[in-house]
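From first to last, the protein sequence lines stand for chains A and B. 1 is the number of the first residue of the first sequence in the working numbering; add one for each residue after it. 1001 is the number of the first residue of the second sequence in the working numbering; add one for each residue after it.
Misleading hints may appear alongside valid ones.
Dumping the calculated EDC-like pairs for lysine to aspartate or glutamate here, alpha-carbon to alpha-carbon at most 16 Å [stated by the list, open to error]:
{"no.": "1", "chain 1": "A", "residue 1": "Lys164", "chain 2": "B", "residue 2": "Asp1096"}
{"no.": "2", "chain 1": "B", "residue 1": "Lys1366", "chain 2": "B", "residue 2": "Glu1324"}
{"no.": "3", "chain 1": "B", "residue 1": "Lys1164", "chain 2": "A", "residue 2": "Asp96"}
{"no.": "4", "chain 1": "B", "residue 1": "Lys1353", "chain 2": "B", "residue 2": "Asp1207"}
{"no.": "5", "chain 1": "B", "residue 1": "Lys1353", "chain 2": "B", "residue 2": "Asp1302"}
{"no.": "6", "chain 1": "B", "residue 1": "Lys1164", "chain 2": "B", "residue 2": "Asp1327"}
FYI, nobody ran anything at the bench for these hints, they're computed from the structure. Predicted model only: the values in this text are computed from it and were never measured.
2 protein chains.
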Amino acid sequence: METIHQRVRTEFHYPVHFTRRAFDTGNMALREVIASGGNSRRTLFVVDEGVCTPKRNFLAQIEDYCRFHADVIESVAPPIVVPGGETVKNDGRYVDSVRSAIHARGICRHSFVVAAGGGATLDMAGYAAATSHRGVRLIRLPSTVLAQNDSGLGVKTSVNRFSKKNFLGTFTPPFAVINDFELLDSLLERDWRSGTAEAVKVALIKDQEFFRWIEANAVLVVERNSSAIEQLIYRCAQLHLQHIGGGDPFETGSSRPLDFGHWAAHKLEQLTNYRLRHGEAVGIGIALDVTYSHVMGMLSADAWQRILGVLLDLGLPLYVPELETSDLLKGLTEFREHLGGELTILLLEDVGKPVEVHKISADKMKESVAVLSQYAPVCSL
Amino acid sequence: METIHQRVRTEFHYPVHFTRRAFDTGNMALREVIASGGNSRRTLFVVDEGVCTPKRNFLAQIEDYCRFHADVIESVAPPIVVPGGETVKNDGRYVDSVRSAIHARGICRHSFVVAAGGGATLDMAGYAAATSHRGVRLIRLPSTVLAQNDSGLGVKTSVNRFSKKNFLGTFTPPFAVINDFELLDSLLERDWRSGTAEAVKVALIKDQEFFRWIEANAVLVVERNSSAIEQLIYRCAQLHLQHIGGGDPFETGSSRPLDFGHWAAHKLEQLTNYRLRHGEAVGIGIALDVTYSHVMGMLSADAWQRILGVLLDLGLPLYVPELETSDLLKGLTEFREHLGGELTILLLEDVGKPVEVHKISADKMKESVAVLSQYAPVCSL
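Sequences and hints are given; from them, build the entire structure.
Set out below in structure tokens:
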């Protein structure tokens, strides 16, 4: 009997909105997103406690908003408030609490989970939503620079397991993303700065002009100039989304340009027991891989120094002592294993000119760490 | 700032092979499937204990096959043997054991989980694979009529949670399906027969001619004539795959033609504490919904009787006492909630002519149960 060759095509569409004060009753963004979904009003909120500052009174805002827009939105339960950061991805009880509420409160595949918070909260809530009823609609309100310009925009959900970051997860596009710039106001300095690393990353691999813009505006960004950070986030989001909308959104191949600098970043997060923020780890990962690119003779001294200079201007650390542990290089194997297929690492020939390599020299990488360690006195964590 | 409208497109391809004795060393199907995936040879086997009959010596066959084809396939661990049936979906430890092996044995996104067994085993192993590293490649070897003509072919993975069937799950296309007809030989009578219910279902909603073929060949099928069952499986698989390849593979809408008869089926499985096989429950669900179609004046007495006649010829039960419990109708709400959106139930106007309705009369449904109860003496479980 003849083999049947099955083809399955899917197409997803979702909007990424940019706004301020999404829960002011006059703000139509969330209302319109939910109304666009048909007749379902049922909504479960999952909120990162980091967003719930005394000044903002976020939970009351949500309640007011739902009351005002009750014809379109029905909050089915008090918001589930979770701790931000990796805790929420490490401890399985948080995923369970979201799934349990989806079950108990009758959230169906046409209803909504609205997750507001940093990348970790969005990843966890996204995983719970994606795996309940084979996919409940997820609306993300990212609350950090990192989540607004990178992790909150894409098609990934995840939690950690077996001490491996993102071991459990899915590729599941969100129903919508609402980037509320006001949420950034309560960020700690450190979280503000660390979020800029992904913008440097995407500029380095995709857009020389954007890199020059970051170079020119780094000081404004660090001083928390609203217009500068909003422009940085918007452009970074555009580039990130263009990439996802391009070739391989569910990453079936071995190439992962957006993971530039990430093999070391993931390992450093684990080796520092998450003392490093993800963005900080990415900054160090970028510093390491551009230094390696230079040590290997691919990247000019001038370009290399410009890149380290931008990272320094953005107040990002370039070094942690854990870089020198022998376990660092295990990050290459784990990275390959997580992504699958052949080891594929992006290096740079120039700003905006990435090159894929499939082999990394352990000796030259150690040499690169040694070079980077010279920055330890000025910029380490 | 302008909203970014993101589009994400994906396309998956997978073959469904039909063969006999897939683990004879001369059988190239599995070898070729794995070789088609590139350089990765690493393979983890998950096997339903129902397949491991003393006569077949399945685990030794797998071992021999991998040894013979060691240039292409590397079995990374002894096969994980799991109980068949709903146990494997109800008890979270089985999912965990597969994920744990994926973690410990270095199975990456380009490596393989090969699952051999009934629908429940394939659903569970599929869920574990789909959620590890955001998706490890899954090759299914369905071992029952039901899994070969229906559940083992599609894009769903799942386990049960909160006493809800398939509460946790994903839409994830397999890497390949290998239908090995020899695996059917060890089936119990009951499992053999119950698998035919999905063929009746797909014929009723899609293909009058196939329905006539089943009518004419029901006796041969029940007598376990190889050629008859193989033809039934092949045609049912074709129709099923055509449907999935059509409009809405990840079921974002409210319409679910393939779930004809399933609202009652899922509830009856639960109400009988899984005393009913899924196929048996589907048979009863079909009997109920065609009876309701007739009671509502949509379906002629002649067509209705023909349909019940085929189910009886296939040795399927038409009745269980649990049909008369008041909880049965809760199945409608749960069905709507699981699928999301508006309640959408398929009824029949004629063989091959389904109609969607969005309301079910509780009184008329009870009347339909009463009509069906007359068959209790001849065909119940």
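Results for each hint:
no.: 1; hint: A:Lys164 - B:Asp1096; result: holds (15 Å)
no.: 2; hint: B:Lys1366 - B:Glu1324; result: holds (8 Å)
no.: 3; hint: B:Lys1164 - A:Asp96; result: holds (15 Å)
no.: 4; hint: B:Lys1353 - B:Asp1207; result: holds (9 Å)
no.: 5; hint: B:Lys1353 - B:Asp1302; result: holds (15 Å)
no.: 6; hint: B:Lys1164 - B:Asp1327; result: holds (14 Å)
Of the numbered hints given earlier, the model fails none.
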